[in-house]
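Trainee: Chains as they are written, first to last, in my numbering: chain A, 1 to 490; chain B, 1001 to 1303.
Don't read these hints as lab results, they were simulated from the structure.
Yeah, the Cβ is synthetic: ideal placement off N, Cα and C, and Gly gets one too.
Worth double-checking, as some hints may not be accurate.
Across the chosen pairs, the derived CB separations fall in these ranges [said to hold, decoys possible]:
hint, chain 1, residue 1, chain 2, residue 2, range
1, B, D1282, A, R444, 29 to 39 Å
2, B, K1031, A, F93, 53 to 63 Å
3, B, L1079, A, I431, 32 to 42 Å
4, B, K1205, A, S230, 35 to 45 Å
5, B, N1201, A, I442, 27 to 37 Å
6, B, D1282, A, S462, 51 to 61 Å
7, A, I428, B, K1195, 33 to 43 Å
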Amino acid sequence: MLFNSLEFGLFLPIVFILYWFVTNNNLKIQNCFLLGASYFFYGWWDWRFLSLIILSSFVDYFIGVFLISENQEKRRKLLLMLSIFVNLGLLGFFKYYNFFIDSFTDSFTFFGSTINSNRLSIILPVGISFYTFQTLSYTIDVYKKNLAATKDIISFFAFVSFFPQLVAGPIERATNLLPQFFNKRKFDYAKSVDGLRQILWGFFKKVVIADNCAVYVNNIFENYTTYPSSLLLVGAVFFAFQIYCDFSGYSDIAIGTARLFGFNLMQNFSFPYFSRDIAEFWRRWHISLSTWFRDYVYIPLGGSRVSSIIKIRNVFIVFIISGFWHGANLTFIAWGLLHALYFIPLMLTGDNRNNTGNIAEGRYLPSIREFFQILITFSITVIAWIFFRADNITHAVDYIVRLFTNTFYSGSVLSFNGEAFLLGKDFIIMIFIILLILVEWIQRDRKHGLSFNSERLVSKISRRILYFIIGISIFVFGNFEKTEFIYFAF
Amino acid sequence: MKKFIVQIISYFLFLIFFILIGAKFTSNHVKKRNFKNFETESNLLILKENKKYDFLFMGISHARNFSRHKNHLRLDTVLDMSFINIAQGGGLCGVNEQYFYLKYFYQNRNQTNQVVYILSPPMLFHEGLTTASKTFDFEPFEFDFFFSYLFFNTRSKTQRLYSYVNSKYTLEWINHQPTSFTKNQTFLTNLDSAKVTDGLNSTYKQGLDQLHFDSNSIIIDQTIQLINTNNSSCILIIPPALFGKWNGHNETLEFAEKMKKKYGVKVFDYSESVLDPKYYYDHHHLNSDGVKFFSSKYLLPIL
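Chain A on its own, in the form it takes in the complex:
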């Protein structure tokens, strides 16, 4: 079920009412209900793939239980390996099988011989990259004794399949989310209202900005050879906002929805395009994934307490895996590699933790230095996003070359879809992007774009007008054609 679908519009209020009015007296029943609702939510897409979630949940639940009673380190390690094998095995088969087969046959072709490839027509199960990482984190934490394994099977299954974050994150840690299933939830008015605001803001980002940008981005990336560099620049910048608004919008809806049910999910994005360097960008972008890689890959590899050479190796490993996690294509690996190259100089000079505080704290505007830092960071991420969006490496490289070498402006081709550029809907999208930047700048020390507190000089009436304007904008300018969320494919 997509968040921006009528089905979800009906599903959410029904589940909300049953959750608080019918099942609230008994925690076990309430958790059972959440589990059923989550499976229904997922099964709406394709019920057959529920079996994978159930399998993954079963394996990690029982491994967790065995880990409690097992004291022999060798056996404990074996159990951990089994969990890693099953989860990464599922992920590897469904997401990467054809990629490896193709790479294998391509390498033979490169050396002048040909072999028959056994490609399979595999459907990528929605959200598999997210829930496998979530269950893996549970087993690793139990193995490391950071978390006590649970025997409450319903709570555990509900934790793995919790519908708000099931298909596109945030990738929750068992240490944060699982205990919330053990305690009785109470309806909190302020929390729920804030959750609704976050949902509203998420929808705005997703359907008004991301989905509309996608129309232009697809056109520009498809016909990039015919456009001047000014339009290629627009395509790349629009994609940066598309991917941000698509994914962070989805996370906002997920976090806001969870709050309606009394759950707190971790913040997944913290206004990343205001980052002053690439290290700060990675502390603000897809936080649940980057901290996952930090805790379960980077630190076990030795982290930063090793020699410079090993540190560099570790950074490359983490960024390349991170790129590969996003999709089975060399373009994603190139994207990760590029980020590693951006990051390493900062790490080697010890500047990677220079910008940990809020930007322009106590000021309305950034300093000139900060402004240029933000601009440079944004520009290099835009270059990297070209790899992320391109069909293959050649496409990306050619796009970048043309971006810097084509005529900057050519009136005769500065139009698409039959209308001159900046005179159609694209102009409205630009206005919305500016609005997004303004709102997020004002709210940069808060959890999301519409998070208000009473101390703020924003009166109740002006807030309501703002919600109303956003609601109208979603209806009037939202793109409600059936488009998949970009991150569903990961």
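Start from chain A and add chain B according to the hints.
Mentor: Below, chain B without anything else, positioned relative to chain A:
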């Protein structure tokens, strides 16, 4: 909790109210331009109440073509009869929405002696027409139309209703003006077989889909019942095409003959009636001279 739920409901009601009022406002603005049947593809812009017509056209582009480019006035002259055209071209709708338009026509206490249903074979086989979401984008927002459709049994209803209201906020709608295109004088010189083959292949991408044909046949059957209960008579016409018979022609004709037996409707197969390329602006749409020729030679004797 109570306060929370009341606030959410109020927010949505307030939002829906303003959105619909806004749509009504822009619609009234456009309606002031007093459109005629041949000046717009919209039906609601020209549909009145308590009107009586000699006949009504329904179908897809082949039927709409009798009004486009001021052909409507040409038919008026040739036939000397009053008529309304509620057909929808441009891939906007299929048989179910045509049924809905006709129902709405009758609901507004309008009458017609005859209904001329132009039965183009692709209409019965093509899935795209049953799911097209922009069907009502050029219709003014009317509360009764909106709510009637809300309770109408059809596919892609939500997308259509969303698109219906949403389109009222576009510049394309607000600037909608009566078309000034007076005559379609484009004509063909010969039949281009390669073009016809390509065209037929793209029209019937899924082949002759029996499932769609069956469900659309049921709706046409219901349409004929609706026509009969409103004391109109029905004429089914398979329209002319330069290449003669469409794929699925035999199935369509067979179905029409079945309707003839069941309800006593009149059936005319005119698929090969006009084979001169000078009467076509493409391989299956008549130009203005073609419309005049066809109506005087084939429509006049049967109406």
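Trainee: State for each hint whether it applies.
Mentor: Do the hints match the structure? See the list:
no. : hint                           : result
1   : D1282(B) x R444(A): 29 to 39 Å : violated, 57 Å
2   : K1031(B) x F93(A): 53 to 63 Å  : holds, 59 Å
3   : L1079(B) x I431(A): 32 to 42 Å : violated, 52 Å
4   : K1205(B) x S230(A): 35 to 45 Å : holds, 38 Å
5   : N1201(B) x I442(A): 27 to 37 Å : violated, 56 Å
6   : D1282(B) x S462(A): 51 to 61 Å : holds, 56 Å
7   : I428(A) x K1195(B): 33 to 43 Å : holds, 39 Å
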